[in-house]
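Let chain C serve as the given structure and place chain A with the ligands on it in line with the hints.
2 protein chains.
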Amino acid sequence: MSTSRNIKAATGQTLECKGWEQEAVLRMLSNNLDPAVAEKPEELVVYGGIGKAARNWEAFDAIVSVLKRLENDETLLIQSGKPVGVFRTHPAAPRVLLSNSVLVPKWADWPHFHELDKKGLMMYGQMTAGSWIYIGSQGILQGTYETFASLAEKHFDGSLKGTITLTAGLGGMGGAQPLAVTMNGGVVIAVEVDQERIAKRLSSGYCDRQAASLKEALHWAEEAKQEGEALSIACLGHAEDIHKQIIAQGFPIDIVTDQTSAHDPLNGYIPTDLSISDADELRKQNPELYVEKASYSMAEHVRTMLKFQKHGSIVFDYGNNLRQVAYDAGVNEAFDYPGFVPAYIRPLFCEGKGPFRWAALSGDPEDIYRTDQLVRDLFPDQDPLLRWIDKAQKKIKFQGLPSRICWLGYGERVKMGLGINELVRKGELKAPVVIGRDHLDCGSVASPNRETEAMKDGSDAVGDWAVLNALINTAAGGSWVSFHHGGGVGMGYSLHAGMVAVADGTDLAEERLKRVLTTDPGMGIMRHADAGYEKAEQEARRHNLDIPMLGRDKHDG
Amino acid sequence: MSTSRNIKAATGQTLECKGWEQEAVLRMLSNNLDPAVAEKPEELVVYGGIGKAARNWEAFDAIVSVLKRLENDETLLIQSGKPVGVFRTHPAAPRVLLSNSVLVPKWADWPHFHELDKKGLMMYGQMTAGSWIYIGSQGILQGTYETFASLAEKHFDGSLKGTITLTAGLGGMGGAQPLAVTMNGGVVIAVEVDQERIAKRLSSGYCDRQAASLKEALHWAEEAKQEGEALSIACLGHAEDIHKQIIAQGFPIDIVTDQTSAHDPLNGYIPTDLSISDADELRKQNPELYVEKASYSMAEHVRTMLKFQKHGSIVFDYGNNLRQVAYDAGVNEAFDYPGFVPAYIRPLFCEGKGPFRWAALSGDPEDIYRTDQLVRDLFPDQDPLLRWIDKAQKKIKFQGLPSRICWLGYGERVKMGLGINELVRKGELKAPVVIGRDHLDCGSVASPNRETEAMKDGSDAVGDWAVLNALINTAAGGSWVSFHHGGGVGMGYSLHAGMVAVADGTDLAEERLKRVLTTDPGMGIMRHADAGYEKAEQEARRHNLDIPMLGRDKHDG
Ligand SMILES: NC(=O)c1ccc[n+]([C@@H]2O[C@H](COP(=O)([O-])OP(=O)(O)OC[C@H]3O[C@@H](n4cnc5c(N)ncnc54)[C@H](O)[C@@H]3O)[C@@H](O)[C@H]2O)c1
Ligand SMILES: NC(=O)c1ccc[n+]([C@@H]2O[C@H](COP(=O)([O-])OP(=O)(O)OC[C@H]3O[C@@H](n4cnc5c(N)ncnc54)[C@H](O)[C@@H]3O)[C@@H](O)[C@H]2O)c1
Chain C
1 MSTSRNIKAA
11 TGQTLECKGW
21 EQEAVLRMLS
31 NNLDPAVAEK
41 PEELVVYGGI
51 GKAARNWEAF
61 DAIVSVLKRL
71 ENDETLLIQS
81 GKPVGVFRTH
91 PAAPRVLLSN
101 SVLVPKWADW
111 PHFHELDKKG
121 LMMYGQMTAG
131 SWIYIGSQGI
141 LQGTYETFAS
151 LAEKHFDGSL
161 KGTITLTAGL
171 GGMGGAQPLA
181 VTMNGGVVIA
191 VEVDQERIAK
201 RLSSGYCDRQ
211 AASLKEALHW
221 AEEAKQEGEA
231 LSIACLGHAE
241 DIHKQIIAQG
251 FPIDIVTDQT
261 SAHDPLNGYI
271 PTDLSISDAD
281 ELRKQNPELY
291 VEKASYSMAE
301 HVRTMLKFQK
311 HGSIVFDYGN
321 NLRQVAYDAG
331 VNEAFDYPGF
341 VPAYIRPLFC
351 EGKGPFRWAA
361 LSGDPEDIYR
371 TDQLVRDLFP
381 DQDPLLRWID
391 KAQKKIKFQG
401 LPSRICWLGY
411 GERVKMGLGI
421 NELVRKGELK
431 APVVIGRDHL
441 DCGSVASPNR
451 ETEAMKDGSD
461 AVGDWAVLNA
471 LINTAAGGSW
481 VSFHHGGGVG
491 MGYSLHAGMV
501 AVADGTDLAE
511 ERLKRVLTTD
521 PGMGIMRHAD
531 AGYEKAEQEA
541 RRHNLDIPML
551 GRDKHDG
Chain A
1 MSTSRNIKAA
11 TGQTLECKGW
21 EQEAVLRMLS
31 NNLDPAVAEK
41 PEELVVYGGI
51 GKAARNWEAF
61 DAIVSVLKRL
71 ENDETLLIQS
81 GKPVGVFRTH
91 PAAPRVLLSN
101 SVLVPKWADW
111 PHFHELDKKG
121 LMMYGQMTAG
131 SWIYIGSQGI
141 LQGTYETFAS
151 LAEKHFDGSL
161 KGTITLTAGL
171 GGMGGAQPLA
181 VTMNGGVVIA
191 VEVDQERIAK
201 RLSSGYCDRQ
211 AASLKEALHW
221 AEEAKQEGEA
231 LSIACLGHAE
241 DIHKQIIAQG
251 FPIDIVTDQT
261 SAHDPLNGYI
271 PTDLSISDAD
281 ELRKQNPELY
291 VEKASYSMAE
301 HVRTMLKFQK
311 HGSIVFDYGN
321 NLRQVAYDAG
331 VNEAFDYPGF
341 VPAYIRPLFC
351 EGKGPFRWAA
361 LSGDPEDIYR
371 TDQLVRDLFP
381 DQDPLLRWID
391 KAQKKIKFQG
401 LPSRICWLGY
411 GERVKMGLGI
421 NELVRKGELK
431 APVVIGRDHL
441 DCGSVASPNR
451 ETEAMKDGSD
461 AVGDWAVLNA
471 LINTAAGGSW
481 VSFHHGGGVG
491 MGYSLHAGMV
501 AVADGTDLAE
511 ERLKRVLTTD
521 PGMGIMRHAD
531 AGYEKAEQEA
541 RRHNLDIPML
551 GRDKHDG
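Chains C and A supply the protein sequences, listed in that same order. Each residue of the first sequence is one higher than the one before, counting from 1 in the UniProt record's numbering. Each residue of the second sequence is one higher than the one before, counting from 1 in the UniProt record's numbering.
If we strip away everything but chain C, and leave its shape as in the complex, we get (with noise of 0.2 angstroms):
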């Protein structure tokens, strides 16, 4: 098995596959596994602990290998990141059906998931990871600053300045956290165990600087914060150890959050009283022990968040189920304070708004300023859309292929993506685009302890939504669909489906995007509407919507 590959996407117009949408396929795949991309290539891990894009070398060489030869009227199947087998479909078919990480639901824990891993017979693919649409940490800083902005919006008038935040984990989500925050005009402190993560934001210029000591680091952004100016603070340390620190000295904190791999309490977390190289010694010794020791400091470091909730700090959980582990563990207060989606995102999600996005085949970064423009001249009068558009423009640096994120919502996403389409087929790019999304979105993803905490009618834990997404999406011409189990909030606790779309600026992509851009966000004004949400109902009707029983049952049995 090698682990000195250093993959890249093709960029340019030359087809090493017999048509755009497999061509899209093999780059999309390979960016995912680009080392400007991915947290550790060489172990096929694009992010999120141990969410990879193949289940190994092997698979990954066959996966390849079928993409160049696949002809136009084929679907390819991926079973947890094995090519499993090829069938003739159709052109309107997808080229590729995924699905990852998903077991009968009696098994769906980590000993069962990890035994199979072990045997070679599944891998773990997080949500873009298996699903080949991840696009490095501008993914989710749109979501992260879209959250931010939203938390400014409800509790301080539009805007962070004047705030500290305190976070921890600068992993491949987690590390966006500094950005979002300071593009939304705070101070925030991120505490991070591994030194590389810092060193690699530092680069990147997602985090501003890395403090020498807490001391240094609470004296920047107390200084930061008198001036009202934005800053990101990276702290060396373990968040549960760093936070009581910070307690203990009574320093006044107004958000805290947490992005550390809190999902995955054998391969992510790590436990306070060790180092990494210890830690990565105990996880081979003694798992049982290492998962003990995370779930403890897990439930301290819960314990510790919700000291800071009773001092008046705004406390929310940011998806990777550190609330569910401490609860477990004994912390029965554990979900006192909210997920980000109840308290931030649920009203986008009736909108059917979500983390659109798009990626330039033409590794052209030209051609993305050319979409940037393409939102302004689209969405004139959406004022924060465009602002995003232009902080991303000036601060984002491309990781792998040049590409875009912005949240958009029904209507919205299939006018961007036909328009796409278009400058594609009018050669204004340099060749075709990817559309796709997050499997967090609004009608894709069922997950009790995140995307669907809290719903208004109980129906948190019902998966019917995120199965019919993705079979919605494969009969409306997806190029490539997926749906997993897992992803950010760990084995058990989510189902999901994910969607990409090629514009390869010919009739049939744009009949497809015009259709597949249709049901996805549709499917969560739908999925909102049925649990009651009375915007989602606006929305429906406003955009006529066919749902046949809206508004005829209420949900009373």
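Please keep in mind that the hints were generated in silico from the structure rather than gathered at the bench. Bear in mind that the values here come from a model prediction, so they are computed numbers and not experimental data. Hints may contain errors.
Said to hold, decoys possible - With a cut-off of at most 27 angstroms between alpha-carbon atoms, the simulated DSSO-like pairs for lysine-lysine come out as follows:
#1 A:Lys106 <-> C:Lys293
#2 C:Lys293 <-> C:Lys310
#3 C:Lys430 <-> C:Lys394
#4 C:Lys119 <-> A:Lys535
#5 A:Lys535 <-> C:Lys118
#6 C:Lys68 <-> A:Lys514
#7 A:Lys394 <-> A:Lys200
#8 A:Lys119 <-> C:Lys535
#9 A:Lys106 <-> A:Lys119
#10 C:Lys415 <-> C:Lys535
#11 A:Lys106 <-> C:Lys119
#12 A:Lys118 <-> C:Lys456
#13 A:Lys430 <-> A:Lys391
#14 A:Lys18 <-> C:Lys514
#15 C:Lys106 <-> A:Lys106
#16 C:Lys535 <-> A:Lys118
#17 C:Lys514 <-> C:Lys18
#18 A:Lys456 <-> C:Lys118
#19 C:Lys514 <-> C:Lys535
#20 C:Lys106 <-> A:Lys118
#21 A:Lys106 <-> C:Lys118
#22 C:Lys456 <-> A:Lys119
#23 A:Lys119 <-> C:Lys106
#24 A:Lys293 <-> C:Lys106
#25 A:Lys68 <-> A:Lys8
#26 A:Lys68 <-> C:Lys514
#27 A:Lys415 <-> A:Lys514
#28 C:Lys119 <-> A:Lys456
#29 A:Lys456 <-> C:Lys106
#30 C:Lys430 <-> C:Lys514
#31 A:Lys106 <-> C:Lys456
#32 C:Lys40 <-> C:Lys293
#33 C:Lys154 <-> C:Lys310
#34 A:Lys514 <-> C:Lys18
Using the frame of chain C, we list chain A with the ligands on its own:
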């Protein structure tokens, strides 16, 4: 809510819908609720405990009205028996996509399901109840016939002549057991607690007679065995109680199995010390106590079956999760007797064989007889298959729309499907035919206590395969495609997918049938080849299936 409906599928050539596909859906949904087909149509229950066709009557009415207006390029989404949306897709896409009873794994158990069910947010889809391709007892009869035939082959030189089988449960599925055993030449005693169910099986001809007492049953059985006659005997009582009496008397039994509704300890299994009406009462008054009593009875039931095994009987589980309930109630050896799939069915799965079925939308039995002839024409050398067709034609009374089932493998299904489409095209059949199958099939289900019990590579719990089956059949063009959780083994224990395609004699139907009747059984061969079954690997090579890594890895990690 109406409880006095009398639903029957329309027949003949006149359409109530805008195309034959939609019409087929409407007729099959109605057929599922035909009193001649469904177990409790007034509660929308089709079979298998609480397996329903629609969430409630309002939802049913809404589905019907959508189907009547659904265009030929639209797709209706069903979420646990409720119509939640309609989207524009395209003519080769499915007309309906269904997801039933899917829960996020951590919440995928009976208490959560019942809570959601009570709130009106879910329904139990079983396998073919919520996916509208149940065809009455014949559906399971062929599977049961195959199982007993395979058992006879393995243990008794191909016939059950001179053997006595003891089983219980004469419900929707279990009611096929008496006829399946007598078709194989054997004697069977079937214990059933509900006199109405017994009456139903007697009147349908599935069971020969009812004994007035256990004594009489044993007497008749002994007599028939001696004379080498086939005979099925119903015996009123609780399985555990009757079984214990038989053991106590030292009466020799050759084969023991069970099809009581053990998968559902609240709405299914009747505890030994309760009459049916007392059970109904207790279920409402004190569901916890009910489940406790049912679990206790099931534990004793399994202990008795284990005793039979020790005394030399061939004992196997018949897919109702009885062993699991007993195991959870403390019977550590519950899994000492095997499930029917590893014991008798898996070799068939390796050839892509499974419960292929079709129904005549004309309503005319002659259409089915014409397709029986087609089977004879297409597969002239397959003696067991032809024997089945002959017996079925003679013995089986149609319930609802005339239909036929026979187990066909990869290659055979597409041959048969295209043959049927040709007959429709040429006007040799009076109307189109729907072609589907049970979810219990070679490549569509993950169910570690049943279809994927004891897989060679240990991949029993991997659910990706069921997801991929639903996705590829959606891409390939099934007319309706479904994905369910639960089914025959209950909440938490299985994930499975269904597919139905309409043969209406058009070119488009031909194309779609060609694709989908290839992908569907093809998945079965792939799944078993991937698990390392040589038979499946051979079949894959023989049929030139495109399996990228076939033979390249041996799952040693
Ligand atoms: N909010 C969202 O939208 C969202 C989306 C996806 C995933 N997530 C979840 O957020 C979490 C972070 O994701 P990621 O991709 O950044 O994971 P990651 O594994 O790439 O990064 C986690 C980081 O946490 C650090 N860490 C671990 N233990 C620590 C400790 N005790 N103290 C300080 N730092 C510690 C690790 O060194 C690592 O850098 C995951 O649980 C992920 O599932 C959130
Ligand atoms: N083998 C298979 O292929 C297969 C397929 C699907 C389902 N199943 C499972 O088989 C079981 C039977 O299915 P069904 O559709 O016939 O269910 P059903 O609910 O229609 O029938 C179950 C029958 O068992 C009877 N019963 C309950 N408790 C009893 C007791 N203590 N003693 C005697 N009889 C008792 C009931 O009165 C009822 O008639 C279910 O658990 C189902 O999930 C098996």
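Consistency of the hints with the structure:
1. Taken as a hint, the lysine 106 (chain A) and lysine 293 (chain C) pair is honoured in the structure, with Cα atoms around 23 angstroms apart against an allowance of 27 angstroms.
2. Note on lysine 293 (chain C) and lysine 310 (chain C): the hinted pairing holds, with a Cα-Cα distance of about 26 angstroms set against a maximum of 27 angstroms.
3. Of the pairs offered as hints, the one joining lysine 430 (chain C) and lysine 394 (chain C) holds, with about 22 angstroms between alpha carbons and a cut-off of 27 angstroms not exceeded.
4. Taking the CA atoms of lysine 119 (chain C) and lysine 535 (chain A), the gap is about 22 angstroms. The hint holds against a cut of 27 angstroms.
5. Distance restraint check for lysine 535 (chain A) and lysine 118 (chain C): the Cα-Cα separation of roughly 25 angstroms lies within the 27 angstroms cut-off, and the hinted pair is therefore satisfied.
6. A hinted pair counts as satisfied when its Cα atoms are at most 27 angstroms apart, and lysine 68 (chain C) with lysine 514 (chain A) qualifies at roughly 25 angstroms.
7. About 19 angstroms separates the Cα atoms of lysine 394 (chain A) and lysine 200 (chain A), which keeps this hinted pair within 27 angstroms; it holds.
8. Under the criterion of a C-alpha separation no larger than 27 angstroms, the hint pairing lysine 119 (chain A) with lysine 535 (chain C) is consistent with the structure, at around 22 angstroms.
9. In summary, the hint linking lysine 106 (chain A) to lysine 119 (chain A) is supported, as the alpha carbons are separated by about 19 angstroms, within the 27 angstroms threshold.
10. At roughly 22 angstroms between alpha-carbon atoms, lysine 415 (chain C) and lysine 535 (chain C) fall within 27 angstroms of each other, so this suggested pair holds.
11. Restraint check for lysine 106 (chain A) and lysine 119 (chain C): the C-alpha separation of about 23 angstroms stays at or below 27 angstroms, so the hint holds.
12. Between lysine 118 (chain A) and lysine 456 (chain C) the CA atoms are separated by roughly 16 angstroms; this keeps the pair inside 27 angstroms, and the hint holds.
13. Taken as a hint, the lysine 430 (chain A) and lysine 391 (chain A) pair is honoured in the structure, with Cα atoms around 24 angstroms apart against an allowance of 27 angstroms.
14. Between lysine 18 (chain A) and lysine 514 (chain C), the direct Cα distance comes to roughly 24 angstroms. Compliance with the 27 angstroms bound is thereby established for this hinted pair.
15. Our distance criterion of 27 angstroms between C-alpha atoms is met by lysine 106 (chain C) and lysine 106 (chain A), whose separation comes to about 8 angstroms.
16. Between lysine 535 (chain C) and lysine 118 (chain A) the alpha-carbon distance is near 26 angstroms, which keeps this suggested pair within the 27 angstroms criterion.
17. Taking the CA atoms of lysine 514 (chain C) and lysine 18 (chain C), the gap is about 24 angstroms. The hint holds against a cut of 27 angstroms.
18. Distance restraint check for lysine 456 (chain A) and lysine 118 (chain C): the Cα-Cα separation of roughly 16 angstroms lies within the 27 angstroms cut-off, and the hinted pair is therefore satisfied.
19. Proposed proximity of lysine 514 (chain C) and lysine 535 (chain C) is supported: the alpha carbons are some 24 angstroms apart, at most 27 angstroms.
20. Between lysine 106 (chain C) and lysine 118 (chain A), the direct Cα distance comes to roughly 22 angstroms. Compliance with the 27 angstroms bound is thereby established for this hinted pair.
21. Restraint check: the Cα-Cα separation between lysine 106 (chain A) and lysine 118 (chain C) comes to about 22 angstroms, which is no more than 27 angstroms; the hinted pair holds.
22. A threshold of 27 angstroms between alpha carbons decides the hint, and for lysine 456 (chain C) with lysine 119 (chain A) the separation of about 12 angstroms falls inside it, so the pair holds.
23. A hinted pair counts as satisfied when its Cα atoms are at most 27 angstroms apart, and lysine 119 (chain A) with lysine 106 (chain C) qualifies at roughly 23 angstroms.
24. Of the pairs offered as hints, the one joining lysine 293 (chain A) and lysine 106 (chain C) holds, with about 23 angstroms between alpha carbons and a cut-off of 27 angstroms not exceeded.
25. For the suggested pair lysine 68 (chain A) and lysine 8 (chain A), the alpha carbons sit about 16 angstroms apart, so the restraint of at most 27 angstroms is met.
26. For the hint pairing lysine 68 (chain A) with lysine 514 (chain C), the CA-to-CA distance comes to about 25 angstroms; that is within 27 angstroms, so the pair holds.
27. Distance restraint check for lysine 415 (chain A) and lysine 514 (chain A): the Cα-Cα separation of roughly 8 angstroms lies within the 27 angstroms cut-off, and the hinted pair is therefore satisfied.
28. With a C-alpha separation of about 12 angstroms, the suggested pairing of lysine 119 (chain C) with lysine 456 (chain A) holds against the 27 angstroms cut-off.
29. For the proposed pair lysine 456 (chain A) and lysine 106 (chain C), the alpha carbon gap of about 20 angstroms is at most 27 angstroms, so the pair holds.
30. Among the hinted pairs, lysine 430 (chain C) with lysine 514 (chain C) is consistent with the structure: their alpha-carbon atoms are about 22 angstroms apart, no more than 27 angstroms.
31. At roughly 20 angstroms between alpha-carbon atoms, lysine 106 (chain A) and lysine 456 (chain C) fall within 27 angstroms of each other, so this suggested pair holds.
32. At roughly 24 angstroms between alpha-carbon atoms, lysine 40 (chain C) and lysine 293 (chain C) fall within 27 angstroms of each other, so this suggested pair holds.
33. Between lysine 154 (chain C) and lysine 310 (chain C), the direct Cα distance comes to roughly 19 angstroms. Compliance with the 27 angstroms bound is thereby established for this hinted pair.
34. Only pairs whose Cα atoms come within 27 angstroms are accepted, and lysine 514 (chain A) paired with lysine 18 (chain C) is accepted, the gap being roughly 24 angstroms.
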